[in-house]
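J.: As a plain string of letters, each chain reads:
Number of protein chains: 2
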Amino acid sequence: MAKNGTQKSQEKAQEIYLTAAQIFFTKGYNACSLNDIAEALNITKAGLYYYVESKQSLLFEIVNLGLDSVDREVLEPARNIGDAEERLRFIIFNHARLCAGGNHAVIIISHEINELNFYQREEVLKRRRDYFDFVRNTIIELQNEEKLTEVDITTATFTLLGMILWLSRWYRPNGKMSVKKVCEDVCEMALRSLLREKN
Amino acid sequence: MAKNGTQKSQEKAQEIYLTAAQIFFTKGYNACSLNDIAEALNITKAGLYYYVESKQSLLFEIVNLGLDSVDREVLEPARNIGDAEERLRFIIFNHARLCAGGNHAVIIISHEINELNFYQREEVLKRRRDYFDFVRNTIIELQNEEKLTEVDITTATFTLLGMILWLSRWYRPNGKMSVKKVCEDVCEMALRSLLREKN
Chain Z
23 MAKNGTQKSQ EKAQEIYLTA AQIFFTKGYN ACSLNDIAEA LNITKAGLYY YVESKQSLLF
83 EIVNLGLDSV DREVLEPARN IGDAEERLRF IIFNHARLCA GGNHAVIIIS HEINELNFYQ
143 REEVLKRRRD YFDFVRNTII ELQNEEKLTE VDITTATFTL LGMILWLSRW YRPNGKMSVK
203 KVCEDVCEMA LRSLLREKN
Chain Y
23 MAKNGTQKSQ EKAQEIYLTA AQIFFTKGYN ACSLNDIAEA LNITKAGLYY YVESKQSLLF
83 EIVNLGLDSV DREVLEPARN IGDAEERLRF IIFNHARLCA GGNHAVIIIS HEINELNFYQ
143 REEVLKRRRD YFDFVRNTII ELQNEEKLTE VDITTATFTL LGMILWLSRW YRPNGKMSVK
203 KVCEDVCEMA LRSLLREKN
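Chains as they are written, first to last, in the working numbering: chain Z, 23 to 221; chain Y, 23 to 221.
Honestly, the hints are just simulated from the structure, not real lab data. Since the structure is predicted, the reported quantities are computational estimates derived from the model, not experimental observations. Check before you lean on any hint, since a few could be wrong.
Treat identical chains as interchangeable: a pair holds within one or across any two.
[To be verified] Straight-line distance between alpha carbons at most 20 Å, and here's what the computed SDA-like set of lysine to any residue pairs gives:
{"no.": "1", "residue 1": "K169", "residue 2": "R214"}
{"no.": "2", "residue 1": "K34", "residue 2": "L87"}
{"no.": "3", "residue 1": "K203", "residue 2": "I175"}
{"no.": "4", "residue 1": "K203", "residue 2": "R149"}
{"no.": "5", "residue 1": "K77", "residue 2": "I135"}
{"no.": "6", "residue 1": "K34", "residue 2": "Y71"}
{"no.": "7", "residue 1": "K49", "residue 2": "R101"}
{"no.": "8", "residue 1": "K198", "residue 2": "E167"}
{"no.": "9", "residue 1": "K198", "residue 2": "T176"}
{"no.": "10", "residue 1": "K49", "residue 2": "S132"}
{"no.": "11", "residue 1": "K169", "residue 2": "K220"}
{"no.": "12", "residue 1": "K148", "residue 2": "W192"}
{"no.": "13", "residue 1": "K148", "residue 2": "R101"}
{"no.": "14", "residue 1": "K220", "residue 2": "S76"}
{"no.": "15", "residue 1": "K34", "residue 2": "H133"}
{"no.": "16", "residue 1": "K169", "residue 2": "L217"}
{"no.": "17", "residue 1": "K203", "residue 2": "I161"}
{"no.": "18", "residue 1": "K203", "residue 2": "D152"}
{"no.": "19", "residue 1": "K77", "residue 2": "N64"}
{"no.": "20", "residue 1": "K49", "residue 2": "E137"}
{"no.": "21", "residue 1": "K34", "residue 2": "K77"}
{"no.": "22", "residue 1": "K148", "residue 2": "L138"}
{"no.": "23", "residue 1": "K77", "residue 2": "A53"}
{"no.": "24", "residue 1": "K49", "residue 2": "E134"}
{"no.": "25", "residue 1": "K203", "residue 2": "T48"}
{"no.": "26", "residue 1": "K148", "residue 2": "R158"}
{"no.": "27", "residue 1": "K49", "residue 2": "I135"}
{"no.": "28", "residue 1": "K220", "residue 2": "E210"}
{"no.": "29", "residue 1": "K198", "residue 2": "K220"}
Generate the whole structure from the sequences, applying the supplied hints.
T.: Put into structure tokens, the structure is as follows:
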């Protein structure tokens with residue numbers, strides 16, 4: 023957590039979180055130290071301690087930053103979309119965009135949370151569950167509209183999220199395929215996997 | 023690696039690998055020691071060293087055991103299936119069955135391989151690539167038969183594997199849903215996500 027409230031300090035804290043998220047993702051949380059992070063940021067370890075209390079609190083800040091991005095760019099706008107199918111399409115495309123676009127704070131939400139302490143973990147699991155339930159309820163709406171195929175709702179929700187979250191494991195944003203194209207394809211596959219044929 | 027060739031010793035080695043795989047999966051490779059594994063097996067650390075050279079060599083044995091299972095139960099039987107759609111259905115269902123059934127040696131194939139040394143990692147990546155290419159080639163066959171939707175082949179292959187591999191993250195084999203039912207649903211979703219409507 024930033025130790026003073028100025029905007030400059032907050033921006034520096036954000037830069038630290040995003041760099042640390044990338045290092046945690048690449049090397050694994052356990053395999054890297056605050057020294058590695060200070061080095062990547064070209065600051066001293068004492069300088070880093072001005073912004074973070076410990077490696078664990080840094081991880082907690084990063085996960086929350088990622089969850090904030092999902093709230094702001096996926097969940098909140100989706101709440102304003104009345105039609106369930108259109109809402110699901112929005113959720114898939116925009117969550118995929120965050121994962122494929124290389125936002126490591128978003129990617130880390132589904133990794134490493136075992137490294138948090140009990141209270142931090144409970145808070146993160148609560149936020150993840152809220153998101154899961156929102157997606158699940160959207161799928162239930164589609165079922166009520168008789169648009170859904172005959173699959174179990176829980177399996178459908180997790181498998182849908184698996185397609186999206188797996189992007190961070192294989193897609194490289196600097197390769198020849200654009201983020202837009204890969205998200206469109208994942209969105210197309212995910213909707214086809216869930217929805218009945220329209221005819 | 024087992025240090026003698028008797029069957030009893032090989033069976034004990036397998037038991038060690040599967041227990042260790044479960045512990046690595048649950049706690050994370052970095053967070054657990056050979057002591058934890060010896061304790062779970064109720065043997066001494068010296069007893070464990072009779073079967074394994076080091077934590078890293080143990081991980082390598084486990085990953086290879088998992089890859090052997092995929093070869094034996096998915097890849098090899100699938101090679102004998104002429105029809106591409108039927109072959110893909112077999113691959114999805116049986117790979118899903120290994121992941122959902124709680125075979126931690128199979129699950130660990132897609133985790134932790136950064137912890138292997140260079141030569142071990144290259145060998146594992148080669149085996150994973152061979153599997154990926156086999157699935158990808160099956161999808162290309164479906165494209166040639168004009169059965170595939172308009173999605174990028176690489177995206178299709180990775181996203182399909184994501185649906186299957188994600189099972190190990192959420193599905194618990196002792197819950198109320200059977201392994202068979204969850205694998206059927208994932209299979210149904212995966213095929214729908216890829217194949218054109220039949221009419």
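J.: Now, for every hint given, state plainly whether the structure supports it.
T.: Here is how each hint holds up against the structure:
1. In this assembly of identical chains, the alpha carbons of K169 and R214 lie at most 20 Å apart whether taken from the same copy (11 Å) or from different copies (14 Å).
2. Taking the shortest alpha-carbon separations for K34 and L87, only the intra-copy value of 14 Å comes in at or below 20 Å, while the best inter-copy value is 46 Å.
3. For a Cα distance limit of 20 Å, the shortest separation of K203 from I175 across copies, 12 Å, qualifies, whereas the shortest one inside one copy, 28 Å, does not.
4. Proximity of K203 to R149 under the C-alpha cut-off of 20 Å is found in neither arrangement, the shortest distances being 29 Å within a copy and 29 Å between copies.
5. Proximity of K77 to I135 under the C-alpha cut-off of 20 Å is restricted to the intra-copy arrangement: shortest distance 13 Å within a copy versus 23 Å between copies.
6. In this assembly of identical chains, the alpha carbons of K34 and Y71 lie at most 20 Å apart only when taken from the same copy (12 Å versus 48 Å across copies).
7. In this homomeric assembly, K49 and R101 never come within 20 Å of each other (Cα to Cα): the closest approach is 36 Å inside a single copy and 36 Å across copies.
8. In this homomeric assembly, K198 and E167 never come within 20 Å of each other (Cα to Cα): the closest approach is 39 Å inside a single copy and 26 Å across copies.
9. Only between protomers do K198 and T176 lie at most 20 Å apart by alpha-carbon distance; the minimum there is 12 Å, versus 35 Å within a single protomer.
10. In the homo-oligomer, the alpha carbons of K49 and S132 lie at most 20 Å apart both inside one protomer (16 Å) and across protomers (15 Å), since each shortest distance falls under that limit.
11. Proximity of K169 and K220 under a CA criterion of 20 Å is satisfied in both settings, with 9 Å inside one chain copy and 18 Å between copies.
12. Within a single copy, K148 and W192 get their C-alpha atoms only as close as 28 Å, which misses the 20 Å cut-off; across copies the closest is 16 Å, which meets it.
13. For a Cα distance limit of 20 Å, the shortest separation of K148 from R101 inside one copy, 18 Å, qualifies, whereas the shortest one across copies, 45 Å, does not.
14. For the identical chains of this complex, K220 and S76 are neighbours neither inside a copy (53 Å) nor across copies (57 Å), given an alpha-carbon limit of 20 Å.
15. In the homo-oligomer, the alpha carbons of K34 and H133 never lie at most 20 Å apart, since the shortest distance is 24 Å inside one protomer and 32 Å across protomers.
16. For a Cα distance limit of 20 Å, the shortest separation of K169 from L217 qualifies both inside one copy, at 6 Å, and across copies, at 18 Å.
17. In this assembly of identical chains, the alpha carbons of K203 and I161 lie at most 20 Å apart only when taken from different copies (19 Å versus 24 Å within one copy).
18. For a Cα distance limit of 20 Å, the shortest separation of K203 from D152 qualifies neither inside one copy, at 28 Å, nor across copies, at 26 Å.
19. Taking identical chains as interchangeable, the C-alpha atoms of K77 and N64 lie at most 20 Å apart only when both belong to the same chain, with a minimum of 17 Å there against 34 Å between chains.
20. When the C-alpha separation of K49 and E137 is checked against a cutoff of 20 Å, the pair qualifies both within a copy, at 14 Å, and between copies, at 10 Å.
21. When the C-alpha separation of K34 and K77 is checked against a cutoff of 20 Å, the pair qualifies only within one copy, where the shortest distance is 17 Å, while the shortest distance between copies is 39 Å.
22. In this assembly of identical chains, K148 and L138 lie within 20 Å of each other by CA distance solely inside one copy; the values are 14 Å within and 34 Å between copies.
23. Taking the shortest alpha-carbon separations for K77 and A53, both the intra-copy value of 12 Å and the inter-copy value of 15 Å come in at or below 20 Å.
24. Taking the shortest Cα distances, K49 and E134 sit within 20 Å of each other both inside one copy (12 Å) and across copies (11 Å).
25. Within a single copy, K203 and T48 get their C-alpha atoms no closer than 24 Å, and across copies no closer than 35 Å, so neither meets the 20 Å cut-off.
26. Proximity of K148 to R158 under the C-alpha cut-off of 20 Å is restricted to the intra-copy arrangement: shortest distance 15 Å within a copy versus 38 Å between copies.
27. For a Cα distance limit of 20 Å, the shortest separation of K49 from I135 qualifies both inside one copy, at 15 Å, and across copies, at 11 Å.
28. Taking the shortest alpha-carbon separations for K220 and E210, both the intra-copy value of 14 Å and the inter-copy value of 17 Å come in at or below 20 Å.
29. Taking the shortest Cα distances, K198 and K220 never come within 20 Å of each other, neither inside one copy (33 Å) nor across copies (32 Å).
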